[in-house]
Structures are given as C-alpha cells and as structure tokens.
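Peer 1: Sequence:
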Amino acid sequence: MLVVYAQKFVHDEEVAYDLVQDAFLNLWRNFSSLSAPTSAKSYLFTSVRNNCLNHLSKKSVRLKYTQESLKQKTEEINDYQTAYSSLLEKEMEEKLRKAVAALPEKYQQPFRLSRFENLSTKEIAEQLDLPVRTVETRIYRALKQIKLELQDYLLLLFIHRRTKKDRSI
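5 is the number of the first residue of the sequence shown in the numbering used here; add one for each residue after it.
It should be emphasised that the hints constitute simulated quantities derived from the structure, not laboratory data. All of these numbers come straight from a predicted model, not from anything done at the bench. Some hints could be false.
Stated by the list, open to error - The calculated label-pair distances, taken between Cβ atoms and stated as ranges, are:
(1) GLU109 to GLN76: 49 to 59 angstroms
(2) TYR21 to TYR69: 18 to 28 angstroms
(3) ASP133 to ARG101: 24 to 34 angstroms
Cβ atoms here follow ideal geometry from the backbone N, Cα and C, with glycine treated the same way.
With these hints in hand, go ahead and build the complete structure from the sequences.
Peer 2: Below is the structure:
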C-alpha cells in the first residue's frame, strides 16, 4: 500500500520502494518514541509522504541547477564559436584580398568591379571599353586562379558557412 501511495507522488516504482524503505527505517529508529503501536500506520504514511515531498524538492533543485549549468555551457560555446567565426572570417578575407592582389591587372579590375562593386558584365564592359565576352572570360579566369590560390581554405570555408547556417535554424 505504501509503495502505491509513494508512486502517486514520484511516478517511479524504484524510487517509491526506496522512499518506503526509508520510512520503515525511520519507524524502526523512532519506535520507542511512538505513543501507541496503532499510530505506526499513520506514522508510516506521514513519513512516506514527507520522504516523497523531500525527494521531489531535491529533484527540482537538481533539475534547475542542471538547466542553469546547461544554459551557461551553451552560452560559453556560442561565445567561443562567435570568436572563432570572426577570426576565421578575418583570415579568409585576408587570404582573398591577397589572392585578388596577386591577379594580373587585366583580371583584377573586372573581378573587383564584378564581385566588390556588384556591376553587371555589361556595365563592366562599357566602363573598361571591352567586349562583354572578354570581360566574362577575364572574370572566369580570375575566379579560376583565386580558387587555385584558396583551395586549401575552401573546404574550411564551406564547413564554417554550413555550421553557421545550421546554428541559425
């Protein structure tokens, strides 16, 4: 009966058995202080109830501590990832800047106008007084050369962008 009574509080049979066992231990220790042998039953039910309430209270405190600890660890990880992300982006920007600077001038100018100033191929051709096809070819060759220069970093950049995208979901 006591185990069923305890289960109504804690919803866990194994824990209920332990709490009832603790109540019997308390009864054994305090038997001489009981006023009458008939009060043992009420003593046990009261003891089981108190044990259950204490158990639930401790469980609540543990759960709150665990949640706060998890929140703190998550914030620490996010701070680390943000710092790492910022550092990685700066490093990649520097590598890209150097790769673009290493391009021959005839590839560098159309590439900069296309990628950094967002001009269309037609606008670049008009500005540089070149055929559209020549501008397209120069941008293509610039990209090819930059990819070769940054090939060791492209996988890292892809992974970084992918994890950054996954975190925002």
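Peer 1: With 18 to 28 angstroms as the target window, see if TYR21 and TYR69 comply at their CB atoms.
Peer 2: 26 angstroms, holds
Peer 1: Could one say that the CB atoms of GLU109 and GLN76 fall in the range 49 to 59 angstroms?
Peer 2: At 53 angstroms between Cβs, range holds.
Peer 1: Using the Cβ atoms, figure out if ASP133 sits within 24 to 34 angstroms of ARG101.
Peer 2: 27 angstroms, holds
Violated hints: none; the structure is consistent with every hint.
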